[in-house]
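Participant: Residues per chain are reported as follows:
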Amino acid sequence: MFSFILRRLAILIPTFFGITILTFLLIHLIPGDPVMTMLGERNIDPEMYKSMMARLGLDQPLHMQYLHYLGGLLQGDFGKSFSSQSSVWGEFAALFPATLELGICALLFGTVFGILLGVLAAIKRGSILDHGVMGLSLTGYSMPIFWWGLMLIMLFSSTLGWTPVSGRISLTYDVQPYTGFMLIDSVIAQIQDPEYNSGAFLDAVMHLILPSIVLGTIPLAVISRMTRSSMLEVMGEDYVRTAKAKGLSPRRVIFVHTLRNAMISVVTVIGLQISTLIGGAVLTETIFSWPGIGKWLVDAIFRRDYPVVQNGLLIVAILIILVNLTVDVVYGIVNPRIRHAR
Amino acid sequence: MMSLLSIQNLCVRFGTLEKPFLAVDGVDLNVDQGELLGIVGESGSGKSVSMMAMMGLLDGQGTVTADQMLFDGKELSSLGPREKRRIIGKDIAMIFQDPMTALNPSYTVGFQIEEVLKVHLGMDRKVRRQRAIKLMREVEIPDPERRLSAYPHQLSGGMSQRVAIAMAIACEPRLLIADEPTTALDVTIQAQIMDLLLRLQKERGMALMMITHDLAVVSEVAQRVVVMYAGQVAETGLVQDVFFHPAHPYTRALIESIPESCRGARRLSTLPGIVPGQYDRPSGCLLSPRCPIAQERCVVERPELIRYTSRAVRCHTPLIPLQELKS
Amino acid sequence: MMNQVLSKNVSAASVVEMSYPSPLREFLSSFSNNKGALAGFCFLVLMVLAAVLAPWLAPHDPLMQFRDHMLQPPTWQDGGSVSYLLGTDEAGRDILSRLMHGARLSLVIGFSAVIITLLPGILLGLAAAFFPNTAGRLLMRLADIMMSLPSVLLAIAIMAVLGPGITNAMIAIAVVGLPGYMRIVRASAMSELNKDYVMASRVSGAGVLRLMFIAVLPNCMAPLIVQATLGFSSAILDIAALGFLGLGVQPPAPEWGTMLATARDYITSAWWVVTFPGLTILLTVLAINLVGDGLRDALDPKLKRAA
Chain B
385 MFSFILRRLA ILIPTFFGIT ILTFLLIHLI PGDPVMTMLG ERNIDPEMYK SMMARLGLDQ
445 PLHMQYLHYL GGLLQGDFGK SFSSQSSVWG EFAALFPATL ELGICALLFG TVFGILLGVL
505 AAIKRGSILD HGVMGLSLTG YSMPIFWWGL MLIMLFSSTL GWTPVSGRIS LTYDVQPYTG
565 FMLIDSVIAQ IQDPEYNSGA FLDAVMHLIL PSIVLGTIPL AVISRMTRSS MLEVMGEDYV
625 RTAKAKGLSP RRVIFVHTLR NAMISVVTVI GLQISTLIGG AVLTETIFSW PGIGKWLVDA
685 IFRRDYPVVQ NGLLIVAILI ILVNLTVDVV YGIVNPRIRH AR
Chain C
12 MMSLLSIQNL CVRFGTLEKP FLAVDGVDLN VDQGELLGIV GESGSGKSVS MMAMMGLLDG
72 QGTVTADQML FDGKELSSLG PREKRRIIGK DIAMIFQDPM TALNPSYTVG FQIEEVLKVH
132 LGMDRKVRRQ RAIKLMREVE IPDPERRLSA YPHQLSGGMS QRVAIAMAIA CEPRLLIADE
192 PTTALDVTIQ AQIMDLLLRL QKERGMALMM ITHDLAVVSE VAQRVVVMYA GQVAETGLVQ
252 DVFFHPAHPY TRALIESIPE SCRGARRLST LPGIVPGQYD RPSGCLLSPR CPIAQERCVV
312 ERPELIRYTS RAVRCHTPLI PLQELKS
Chain S
49 MMNQVLSKNV SAASVVEMSY PSPLREFLSS FSNNKGALAG FCFLVLMVLA AVLAPWLAPH
109 DPLMQFRDHM LQPPTWQDGG SVSYLLGTDE AGRDILSRLM HGARLSLVIG FSAVIITLLP
169 GILLGLAAAF FPNTAGRLLM RLADIMMSLP SVLLAIAIMA VLGPGITNAM IAIAVVGLPG
229 YMRIVRASAM SELNKDYVMA SRVSGAGVLR LMFIAVLPNC MAPLIVQATL GFSSAILDIA
289 ALGFLGLGVQ PPAPEWGTML ATARDYITSA WWVVTFPGLT ILLTVLAINL VGDGLRDALD
349 PKLKRAA
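Quick mapping for you: the protein sequence lines, in order, are chains B, C and S.
The first sequence begins at 385 in our numbering and counts up by one.
The second sequence begins at 12 in our numbering and counts up by one.
The third sequence begins at 49 in our numbering and counts up by one.
Only chain B is shown next, with the shape it has when bound in the complex (with noise of 0.2 angstroms):
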């Protein structure tokens, strides 16, 4: 087991080494020229251009300032940001808790919506629920989520005005930012201030919804298939005839026998959810006006903020791989013929 984990971290270093040369590349490649981008384009100084120049390192060839960067990122300077001149990684951490908050949400969402959905179609196979289950996930699978979102806002807030249209809160409420979700800190608010901050939960509540649901659908549009096929693969099993040639309920065999072993290709499903919900958290971010890292990132690339897009890819490109060596090693403490291998 533990040399197992070993393995998959020896793999981990290259790969990162990989990122870090595809983002720096990435950035090196785009035309124009950063320098003049940032002193404004105008009758520059050519002084002042090669000052610049020597501070951003950009008169050094190019594998020095590959090897300055990597450097850097060892120590864990992750550049600060063109336009607002923090640092890169200040502004992540700032910012990723509202995505983590809001991907949670949507993956529970997802998950516990998602599985519900394919157990359900796998038991009552060829049925209506069925063809329903199977049509609902794959219109989710098959929506553009930025028009979807768009189309539950103009239903649910507009039209109906149930729910808010974006941010995370309402103004009104006054919620100081001790963890970053909103939800533990609307909490707080409520304890600290419970006259003028009553409600401030429920708000954040109802900010989380519509968005949850948005990022929430190709979670749940992916699990409930997956969760359906892999019942139905395992009902196929022999050891589930043999559950049944022991003359147990219908419902031992499905809750004891079944579901245990289908939901080992589940989790794994479930992990790998990641790469969508940061990919979805881009669009979802634009369209709720949620300060999330999606959000940060998109406006960076608009900003020509290099040292935003470039880290900014770096840290999520490293997060998906740590969180994807996560679901491996749950995957083998999971599967007892992988965690018992002799």
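Hints were generated in silico from the structure; no laboratory data involved.
Take these hints with a grain of salt, some might be off.
Mimicking DMTMM-like on lysine to aspartate or glutamate, the simulated pairs with C-alpha atoms at most 20 angstroms apart in a straight line are [unchecked claim]:
1. K213/C x E231/C
2. K129/C x D102/C
3. K145/C x E214/C
4. K145/C x D206/C
5. K95/C x D109/C
6. K508/B x D70/C
7. K83/S x D514/B
8. K101/C x D135/C
9. K30/C x E240/S
Model the placement of chains C and S on the given structure of chain B, informed by the hints.
Facilitator: Below, chains C and S without anything else, positioned relative to chain B:
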């Protein structure tokens, strides 16, 4: 004496209404208390499907019909699902061919054995554990206390099959159906498992239905035998009658193809062709394309199963004339 | 096949009905039994026709702005008119015409992106499978790296490098899809390589190229076709996403996603501007996915059981 299990005209139909495929076609079977019945046939003969159909394990795939399926006087098809589940796994048990996939990989062996005890006999934890250990000892699993917490993938094929047998006999069934229990095992283990099954059968007075394609085994241990071909019963009777004086050409071909029968010959004896599948069912006797003594009548007309006391044959031209069989 | 008729005892031929269906017929019948796949296929045919015939079929020029008819509702609502069936957008352009011309953009870009990726994807995948210790390791590492970023994000980043526009969007989407095809071809090829017929082929002296393209590749086609179909649908979604963010096809070109970018402001006032482009994306992608599913069910009987 009334039979323990009495099946008449069992049919299992797959496919569509326009093009049905009869995997099991009018099968009659009887097993008496404590009897050892052998069911032999090639792959595709419908021997496994018939038993799974009777046990209700086909799960909606295929339509099962029968004139009668009596177990211990109760008509199985008229039982509700809950009542049927009280019989399956308790009074009738079944073990399958591949022991490596027959056990749930996510639970310990002990859990799976104790499960039957809990569900059917309502035993509490301590009693279950003790009984599980006792069962494992009975099926000759060494060091049972430790093995209770083993997972199936940690066991060998022979050991897994013993666990499967333990699960099957846990509630003292009256009838045990063994579907090719040794086919997937190593040769040395095969003999051990066979001996185990026979011993358990004698000690418990259990009826045993042994489904197999191994004629040699059946001729040694069974009292009666049913020979199946392409979903139908070809011949049935006492083992010594059927094997030493086969009436059906298929039975004879099976017997002749056993290597021991060919001693001294230069080639193993075979029957050319293969069992008809879904797409190539003959309109006459199902064996006619391969039968060495087929007549014109055989090609156009399906023979019926003709019964005499303990013997039955489905053939227009049986090897032993009908008059002799009657006596 | 077989069924030898017997010996001297019989004069008439054996009356055996043989009716093995041919593989093509089995495929067609399986596919057409899948109602969803058929519906999807018909919708796609309509969409392709609309795209191809758009210059003649569309009621108006998609770029023409009708200043007097800005934000006009669709026909069936108050204030709508027959000449603008689905209404007009904020610049007075006919939405139906824009959708039809947009179909050309989406279908062409999506299709091209898939084709561009297929060839290198197949070659690299085969190389990875046949040389697992050299090319294989490197390529899989590369694939892992590329797949560690969500496809949308990677596409956005590439667009940031290349700049907005149709060709760049095509390249970005092609690049993003590459590791996926590589992996599938490699996985398929590796499982085929373990099979006995490849061993037999090797033993009888087949060279690497022959093995690759004649023996192994045809058997990898089924998952590849399915992946290509699904790749087509995700390409369309990605193009729309890029358009929506302002990075893909630029306005005033009538790309469906680009149409949605400006539609945001009109959620409350003009629902049709927001609804129809997105609905078209959804239906098209849905149709492609239905066809893809149908193909997979029809092509691979093993998957049929579980799906």
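Participant: Does the structure keep K508/B and D70/C at a Cα separation of 20 angstroms or less?
Facilitator: 12 angstroms, holds
Participant: Holds or violated: K30/C with E240/S, Cα cutoff 20 angstroms?
Facilitator: Roughly 35 angstroms between the alpha carbons, so the hint for K30/C and E240/S is violated.
Participant: Mind checking the alpha carbons of K129/C and D102/C for me, to see if they're no more than 20 angstroms apart?
Facilitator: Roughly 15 angstroms between the alpha carbons, so the hint for K129/C and D102/C holds.
Participant: K213/C and E231/C were given as a pair; does the straight-line alpha-carbon distance stay at or below 20 angstroms?
Facilitator: Measuring from Cα to Cα gives roughly 15 angstroms; hence the hint holds.
Participant: Please verify whether K145/C and D206/C have alpha carbons no more than 20 angstroms apart.
Facilitator: At roughly 19 angstroms apart (the allowed maximum being 20 angstroms), D206/C and K145/C satisfy the hint.
Participant: Has the given pair, K95/C with D109/C, been kept, meaning a C-alpha gap of at most 20 angstroms?
Facilitator: At roughly 25 angstroms apart (the allowed maximum being 20 angstroms), D109/C and K95/C break the hint.
Participant: Is the straight-line distance between the alpha-carbon of K145/C and that of E214/C 20 angstroms or less?
Facilitator: 15 angstroms, holds
Participant: Are the Cα positions of K101/C and D135/C separated by 20 angstroms at most?
Facilitator: 17 angstroms, holds
Participant: Is the straight-line distance between the alpha-carbon of K83/S and that of D514/B 20 angstroms or less?
Facilitator: 15 angstroms, holds
Consistency with the previously given hints fails for numbers 5, 9, ordered from lowest to highest.
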